[in-house]
Amino acid sequence: MALDQAFVGRSYPPTDPYEVGREKIREFAESIGEDNPVHTDREAARALGYPDVIAPPTFVFAISFSAAQDVVHDPQLGLDYDRVVHGDQRFVHHRPVRAGDRLTVTSTIEAIKSLAGNDILDIRGDVHDESGELVVTAFTKLVSRSLEGS
Amino acid sequence: MTAHTPMTAKVAYADVEKGTELPPRSFPLTRGALVRYAGASGDFNPIHWNEDFARKVGLEDVIAHGMLTMASAARVVTDWAGDPGALIDYGVRFTRPVVVPNDEQGALIEVSAKVAAKLDDEARTVRVDLTATSKGQKVLGRAQAVVRLA
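Protein chains in written order, with the working numbering: chain Z, 1 to 150; chain S, 151 to 300.
None of these hints come from the bench; they were simulated from the model.
Backbone N, C-alpha and C define an ideal beta-carbon position, used for all residues, glycine too.
Reference listing, derived: stretches of chain S covered by chain Z, where coverage requires no fewer than 3 residues with Cβ under 8 Å from a Cβ of chain Z:
1) 185–195
2) 217–231
3) 241–250
In silico negatives: residues of chain Z with every beta carbon more than 10 Å from chain S:
4) V8
5) G9
6) S114
7) D122
8) D126
9) L147
Please put together the full structure from these sequences, using the hints given.
Here it is as structure tokens:
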């Protein structure tokens, strides 16, 4: 059954703050084979003008996608979660995520479409730091595959 | 110019033109790499480490995290730019799963990229289009990055 268009534009309450740790950034950078010292060495980060080590560009997904679970599991929306695959992902960085950031995410449903029986859900996650500065905007497209189509 | 505007990319805007190719790279992804990424990212979906489960949901075998493919491809751009913080906009479509066999080689993701457009002479931003393949087939679609150069 197609999702209710009335949910387009709906925002969910901001998440509790996620504190970005230096060792978490290091662990993530190593897991993607990234050895740029700007992720692990504070002095190297400072030399590039950052106050502390910065996270690789896709690091923030763990935070934004965790926030998107509020949308995915909203019983009123009724998305068939077992059939969901990740369609598209985009990050717009207003500045790099860095160690010490305390980030909250506000998720908004940007679009709902139905295509060949698939439900397609576009979620925007606005990631703010403690001062209220917008750090990253994460755009996530989820596709709930039709029972026949796959 | 804000305090967050990176000036630190090692590639100068003036030195690139439409069509400039970035150094291509290959990224081997073994099962071990997937387990490591699962831990670092918090994505423990068993399709990324349990072949019985993967087959039960209709996959050929264990597949790589789409976000790991996305993160690997980004390294072609961030290694070129020198400063990962210079990547200000990055988006991909997950078009085909990367199957990772349980052997020493795993899967290989081959990534090439080139400057598709010079966007803004003042902001020194360029759009880079990426191509990521595994076994000769595209695994990412519409993979584009906006990079702020020096």
